[in-house]
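Here is what each chain is made of, one letter per residue.
There are 2 protein chains.
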Amino acid sequence: MACGRLYGLGLGPGDPELVTLKALSRLRAAPVVAYPAPVGGKSFARSIAAHWIVPSQREIRIEFPMQPGPPPAAIYDAAAARLAAELDAGHDVAFLCQGDPLFYGSFAPILARLAPRYPATIVPGVSSLAACAAAAGTALVQRDETVTVIPATLDEGELHRRLAAAETAAVIKIGRHFAKLHRVLAALGLLDGAVYVERASQGDQRVAMLAEIDPATVPYFATALVRRGGFAR
Amino acid sequence: MACGRLYGLGLGPGDPELVTLKALSRLRAAPVVAYPAPVGGKSFARSIAAHWIVPSQREIRIEFPMQPGPPPAAIYDAAAARLAAELDAGHDVAFLCQGDPLFYGSFAPILARLAPRYPATIVPGVSSLAACAAAAGTALVQRDETVTVIPATLDEGELHRRLAAAETAAVIKIGRHFAKLHRVLAALGLLDGAVYVERASQGDQRVAMLAEIDPATVPYFATALVRRGGFAR
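Keeping their order, the protein sequence lines are chains P and H. For what it's worth, this note's numbering labels the leading residue of the first sequence as 1, then goes sequentially. For what it's worth, this note's numbering labels the leading residue of the second sequence as 1001, then goes sequentially.
Read the hints as simulated data drawn from the structure, not as lab findings. All C-beta atoms, glycine included, are put in the ideal place defined by N, C-alpha and C. Treat the hints loosely; a few may be bogus.
[To be verified] Pulled from the structure, derived: some chain P residues nowhere near chain H, Cβ distances all over 12 Å: (1) I53; (2) V54; (3) G99; (4) G125.
[Said to hold, decoys possible] Simulated restraints on C-beta separations: (5) H:C1003 - P:P116: 52 to 58 Å; (6) P:M66 - H:A1186: 27 to 33 Å; (7) P:S25 - H:A1078: 50 to 56 Å.
Bound-form chain P, shown alone (with noise of 0.2 Å):
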């Protein structure tokens, strides 16, 4: 028996009306959907896709520990596991991921775990960073500029020195490391004119100048645009 196909499906920043026609068929087509999850929490990319999914479809939770840092490698081995064996029955498997499916997330350490072994088709999304710009109606880049994507993970020193480098940046995963952010833009004279975007495309999307934003009120999913002089509007 041939095994089955590996999908990763990008289902774009959170609006349903962003996922792609092409995902949206590879979706529909899949005897098996899975998705990550944060232990005990709410999947964001199934709930992207919830409208289509139906019950004939098997659904595989993967769950994440909500900590800080990478997640162990045994949760990526695990979840490999589940995969291969839908795999090795014959059945073609969705991997359902928010945004694109190799810009970040949960996705690429399972491929690089399946596809030694098995057909895999990537089926790219709509990135957060797009919703961004849309959102708050500015281009990120033109002409010959350049941008860097940066992690508000990195420890101060390390995103210091990257938005020092960097000429336009987007800082993503603001959450809890929001005043961090504030004081490395505040030392680099970049505060004035750095835009903030929580939760892009969503029905409670917010855009904001960075520098009014209360700390306490910034979830995971936020963005500050960040350009030397700011972003025409």
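Place chain H on chain P using the hints.
Same frame as chain P, now just chain H:
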């Protein structure tokens, strides 16, 4: 009479299946469809949407000269005036963009001219970078890594400086800048491991190691994924 609304529709990297549900819905509803095209040549953005454009939609073709460097401001001024006439007449206008509307490309300068006067909605799209990573089957970035997007159109010194400072880089718009990029990568010891992706997601997509590429064959829509130590494949 109320004026029309301007839509910037991101149509993704080329595969029509990578159009989002939202872009398709807004495209179908628009009485006027505008798109960039090279003088005398085929519009890439229009080709992605061609299947869905109907004769009752009026088309506005905005021609850009095929010359190095940024197009003259007068072209954007004239394009904005043509779209403004439609918007003043109460017609919604869908501006078609390959990739994402605010990630390089010709929409941002037009938006900047029209947004102060007309309501505008940006529909983000799948970027060519996501399609390149999917084509190469490798994560662009993971965990707390940073990635810098660098146009190959920069002069050699600046290209060297930006690549030297980057952790992972995506070098876009390669075309006739291939030889320069090759020299810079070689000088930085980054040539081995650099992945080359051409026309990602399109029928004639090509993925290869950059070191094996014949410079004479490189189109504008070619990208290099560059990473110290190479990519996991």
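Here is what the structure says about each hint:
{"no.": "1", "hint": "I53", "result": "holds, 16 Å"}
{"no.": "2", "hint": "V54", "result": "holds, 18 Å"}
{"no.": "3", "hint": "G99", "result": "violated, 9 Å"}
{"no.": "4", "hint": "G125", "result": "violated, 6 Å"}
{"no.": "5", "hint": "H:C1003 - P:P116: 52 to 58 Å", "result": "holds, 57 Å"}
{"no.": "6", "hint": "P:M66 - H:A1186: 27 to 33 Å", "result": "violated, 45 Å"}
{"no.": "7", "hint": "P:S25 - H:A1078: 50 to 56 Å", "result": "violated, 40 Å"}
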